[in-house]
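Number of protein chains: 4
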Amino acid sequence: MIPDEEFIKDDRVPGPTKEEIRCLVLCKADPMGDEIVADVGCGTGGFTLEFAKKVHRVYAIDRDPQAIKITRENLINHGLGENVKLINEDAEKALKRLGDLDIIIIGGSGGRLSKIIEVGASKLTSHGRIIVTSILLETKLEAVQTFKRLGFKPGIIDVNIARGHPIKRGTMMLANNPISIIWGGLNEDKLEG
Amino acid sequence: MIPDEEFIKDDRVPGPTKEEIRCLVLCKADPMGDEIVADVGCGTGGFTLEFAKKVHRVYAIDRDPQAIKITRENLINHGLGENVKLINEDAEKALKRLGDLDIIIIGGSGGRLSKIIEVGASKLTSHGRIIVTSILLETKLEAVQTFKRLGFKPGIIDVNIARGHPIKRGTMMLANNPISIIWGGLNEDKLEG
Amino acid sequence: MIPDEEFIKDDRVPGPTKEEIRCLVLCKADPMGDEIVADVGCGTGGFTLEFAKKVHRVYAIDRDPQAIKITRENLINHGLGENVKLINEDAEKALKRLGDLDIIIIGGSGGRLSKIIEVGASKLTSHGRIIVTSILLETKLEAVQTFKRLGFKPGIIDVNIARGHPIKRGTMMLANNPISIIWGGLNEDKLEG
Amino acid sequence: MIPDEEFIKDDRVPGPTKEEIRCLVLCKADPMGDEIVADVGCGTGGFTLEFAKKVHRVYAIDRDPQAIKITRENLINHGLGENVKLINEDAEKALKRLGDLDIIIIGGSGGRLSKIIEVGASKLTSHGRIIVTSILLETKLEAVQTFKRLGFKPGIIDVNIARGHPIKRGTMMLANNPISIIWGGLNEDKLEG
Numbered sequence: 001m002i003p004d005e006e007f008i009k010d011d012r013v014p015g016p017t018k019e020e021i022r023c024l025v026l027c028k029a030d031p032m033g034d035e036i037v038a039d040v041g042c043g044t045g046g047f048t049l050e051f052a053k054k055v056h057r058v059y060a061i062d063r064d065p066q067a068i069k070i071t072r073e074n075l076i077n078h079g080l081g082e083n084v085k086l087i088n089e090d091a092e093k094a095l096k097r098l099g100d101l102d103i104i105i106i107g108g109s110g111g112r113l114s115k116i117i118e119v120g121a122s123k124l125t126s127h128g129r130i131i132v133t134s135i136l137l138e139t140k141l142e143a144v145q146t147f148k149r150l151g152f153k154p155g156i157i158d159v160n161i162a163r164g165h166p167i168k169r170g171t172m173m174l175a176n177n178p179i180s181i182i183w184g185g186l187n188e189d190k191l192e193g
Numbered sequence: 001m002i003p004d005e006e007f008i009k010d011d012r013v014p015g016p017t018k019e020e021i022r023c024l025v026l027c028k029a030d031p032m033g034d035e036i037v038a039d040v041g042c043g044t045g046g047f048t049l050e051f052a053k054k055v056h057r058v059y060a061i062d063r064d065p066q067a068i069k070i071t072r073e074n075l076i077n078h079g080l081g082e083n084v085k086l087i088n089e090d091a092e093k094a095l096k097r098l099g100d101l102d103i104i105i106i107g108g109s110g111g112r113l114s115k116i117i118e119v120g121a122s123k124l125t126s127h128g129r130i131i132v133t134s135i136l137l138e139t140k141l142e143a144v145q146t147f148k149r150l151g152f153k154p155g156i157i158d159v160n161i162a163r164g165h166p167i168k169r170g171t172m173m174l175a176n177n178p179i180s181i182i183w184g185g186l187n188e189d190k191l192e193g
Numbered sequence: 001m002i003p004d005e006e007f008i009k010d011d012r013v014p015g016p017t018k019e020e021i022r023c024l025v026l027c028k029a030d031p032m033g034d035e036i037v038a039d040v041g042c043g044t045g046g047f048t049l050e051f052a053k054k055v056h057r058v059y060a061i062d063r064d065p066q067a068i069k070i071t072r073e074n075l076i077n078h079g080l081g082e083n084v085k086l087i088n089e090d091a092e093k094a095l096k097r098l099g100d101l102d103i104i105i106i107g108g109s110g111g112r113l114s115k116i117i118e119v120g121a122s123k124l125t126s127h128g129r130i131i132v133t134s135i136l137l138e139t140k141l142e143a144v145q146t147f148k149r150l151g152f153k154p155g156i157i158d159v160n161i162a163r164g165h166p167i168k169r170g171t172m173m174l175a176n177n178p179i180s181i182i183w184g185g186l187n188e189d190k191l192e193g
Numbered sequence: 001m002i003p004d005e006e007f008i009k010d011d012r013v014p015g016p017t018k019e020e021i022r023c024l025v026l027c028k029a030d031p032m033g034d035e036i037v038a039d040v041g042c043g044t045g046g047f048t049l050e051f052a053k054k055v056h057r058v059y060a061i062d063r064d065p066q067a068i069k070i071t072r073e074n075l076i077n078h079g080l081g082e083n084v085k086l087i088n089e090d091a092e093k094a095l096k097r098l099g100d101l102d103i104i105i106i107g108g109s110g111g112r113l114s115k116i117i118e119v120g121a122s123k124l125t126s127h128g129r130i131i132v133t134s135i136l137l138e139t140k141l142e143a144v145q146t147f148k149r150l151g152f153k154p155g156i157i158d159v160n161i162a163r164g165h166p167i168k169r170g171t172m173m174l175a176n177n178p179i180s181i182i183w184g185g186l187n188e189d190k191l192e193g
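Protein chains in written order, with the UniProt record's numbering: chain C, 1 to 193; chain Y, 1 to 193; chain Z, 1 to 193; chain H, 1 to 193.
Chain C with its partners taken away, still in its complex shape:
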């Protein structure tokens, strides 16, 4: 994973999602290399950059032009972006205009999570999956319930990670905020775990 510190940041744009969470989301997505991926609410570009290294094509979607700008800068800064299309648009509209998608990452939903999952699901290939990261109590449950309603079998993990920081007297453990990863797909067998 790209270390958190190696991202250009902007106070007005959330992210990047912490290294360990990007790692876990990539494992849940399990890309083989030929996938088409949508990163919904790309923010600083954390997921976009990681997937750009591993899949065929990434659509990075954000309604905030500043997020698109920062994602572009981060892509350039890491020599990535050839297979990335940046889309500065509302997520539902953008997803509707896209073709089939193998992996949809939803890191930000602007209060429209269930709608975005629904539109995303309509674009999902048969082996596709949707992965949501959530820091709000409300959106965790919204993701689980929307997946259930769509006949997806959802999985959810709550992740609490603390990182050691060397200080003069020892190793101080500092917490990252808890985050939930919720995932689902049509192909239950692949998602049993």
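Any given hint might turn out to be false.
In this list, chains with the same sequence are indistinguishable; a pair is considered to hold if it fits within one copy or across any two.
Restricting the straight-line Cα-Cα distance to at most 16 Å, the calculated cross-link-like pairs of lysine to aspartate or glutamate (EDC-like) are [as the list claims (entries may be wrong)]:
1. LYS168 / GLU138
2. LYS54 / ASP30
3. LYS53 / ASP30
4. LYS115 / ASP90
5. LYS153 / GLU118
6. LYS123 / ASP100
7. LYS85 / ASP100
8. LYS53 / GLU82
9. LYS96 / GLU118
10. LYS69 / GLU89
11. LYS69 / ASP11
Honestly, the hints are just simulated from the structure, not real lab data.
Starting from the known structure of chain C, arrange chains Y, Z and H on it as the hints suggest.
Just chains Y, Z and H now, kept in the frame of chain C:
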């Protein structure tokens, strides 16, 4: 417990220990009312204030004069302090000069944790107990090992607490840094749990 | 707190709620001594026993007769129970028949959490508070949303605690399952923290 | 990652390391494809199988013949193993006889962690790294301190993950035991994160 926000703070002084951790330390200490307590490394005064409400006498010890000043201000601000003695001195020296102690809380040790536990143990009544809070990997183990060496049977819990904060779109869970509580006493039966 | 191991247990009855969670719930309840408390879904009796030691009167409510039986046994076993009334009834019905309540603990709700909170709220004194413990994603949010609807200002913490167990080669940290504590009351100022 | 349930298990052999931890260790190892990896204390084979899919060669080392047997069965069961050599020997002896290593995973150390890290370090290529997983308070610190002594710049994260399990009334979050991942290498720049 006194809410975290109701403490006067000073950037140069650590604390107050978060409300939930103060609560758990008080439960581990299990004061009946007649105890004599030492709060070693009293910092902002978090433990001193809570114990002042529940026990016979509290010695608040800190080598930093600014910590003593802030602890005094917090005591006054909450109408407490009649049964508290503030001691601006090195912990080992201060403990040596004190008489018997029923409960010793060590929230800060300035790199001298095992020595402080040893001196504290020499002052401990037969049913007494020592409780250490630690945010450093090194001091967690130092506490456990020192308790073992002294024939105390140590207990340890790692505590990760996140608190919900209402934001516009829902309830955001924000993590407190992980903290360990390590406790031990001569009277093993009381500390089995 | 009473150590977890000192409760008589029954495989068919949940609980006791772990020592540290009982401790945190007591701190959130902050009893002064003269309170009337209802323990809804008393299960093994964890909260009932702790409050019996600290308040004027406890109503222990559970619709499962086996839970009432185990709670009674645990009360007797710890020399408690004089100020406890055991009620083997559906929570809503039981609460409706009771008078004013200062503290309502809801550890089990049988799928009727919002209804129980509503009925409980109608019995709550002006300085009273309701505290819910939850291990389900759905009931966490249900508690928060019901409190909001009632005009209570809810607080929520997610608690992850691991306990050290001595094994031959060291101290193994074993996790308790995460639990959320959600609380609310009419008197916002008291619950700000 | 291979789901936890898809491993053949044996009560006498630890593991497999949970899916999410395998994922995080792989991210910290960051294999490019041509690496030579040693999995020390391979147990059930969790890390061996994952690395077998991603690197040039894996040495799976365990002094317990039963662990070697189970790892072999799991490799066969997943159609892996062509690039894996199983070594039923004490870790230090086994490592000493091996040539250069790019990645060393230490999931089990039998109380000889610092020695194993030292021997491993002597075999490590200039861009190599050692990654330790630990569930004991003692070995967490031992790993950090040994890395420091060797001039490696260690990183450490504590990982607490809970997984949602669907039950009749909702989604119950069940905790995995906390685990620490400690990593280090000679090439500080690569490990800054």
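Identical-chain pair category, LYS123 with ASP100, by Cα at 16 Å: within (5 Å within a copy, 47 Å between copies)
Within, between, both or neither, where LYS85 and ASP100 count as close if Cα-Cα is 16 Å or less: within (15 Å within a copy, 42 Å between copies)
LYS115 and ASP90: within-copy, between-copy, both or neither at 16 Å Cα: Within one copy only: 12 Å inside a chain, 38 Å across chains, cut-off 16 Å.
Intra/inter-copy verdict for LYS53 and ASP30 if alpha-carbon distance must be at most 16 Å: both (13 Å within a copy, 13 Å between copies)
Homo-oligomer pair classification [ASP30, LYS54; C-alpha up to 16 Å]: both (10 Å within a copy, 13 Å between copies)
Intra/inter-copy verdict for LYS168 and GLU138 if alpha-carbon distance must be at most 16 Å: Answer is between: at 11 Å across copies they meet the 16 Å cutoff, but 40 Å inside does not.
Intra/inter-copy verdict for LYS53 and GLU82 if alpha-carbon distance must be at most 16 Å: within (10 Å within a copy, 27 Å between copies)
Alpha-carbon proximity between LYS96 and GLU118, which holds within one copy, between copies, both or neither at 16 Å: For LYS96 and GLU118, only the intra-copy Cα distance (10 Å) is at most 16 Å; the inter-copy one is 42 Å.
Identical-chain pair category, LYS69 with GLU89, by Cα at 16 Å: within (13 Å within a copy, 55 Å between copies)
Intra- versus inter-copy proximity for GLU118 and LYS153 (alpha-carbon distance at most 16 Å): within (14 Å within a copy, 32 Å between copies)
Identical-chain pair category, LYS69 with ASP11, by Cα at 16 Å: Classified as within; 13 Å inside a copy, 37 Å across copies.
When each numbered hint is compared with the structure, no violation occurs for any of them.
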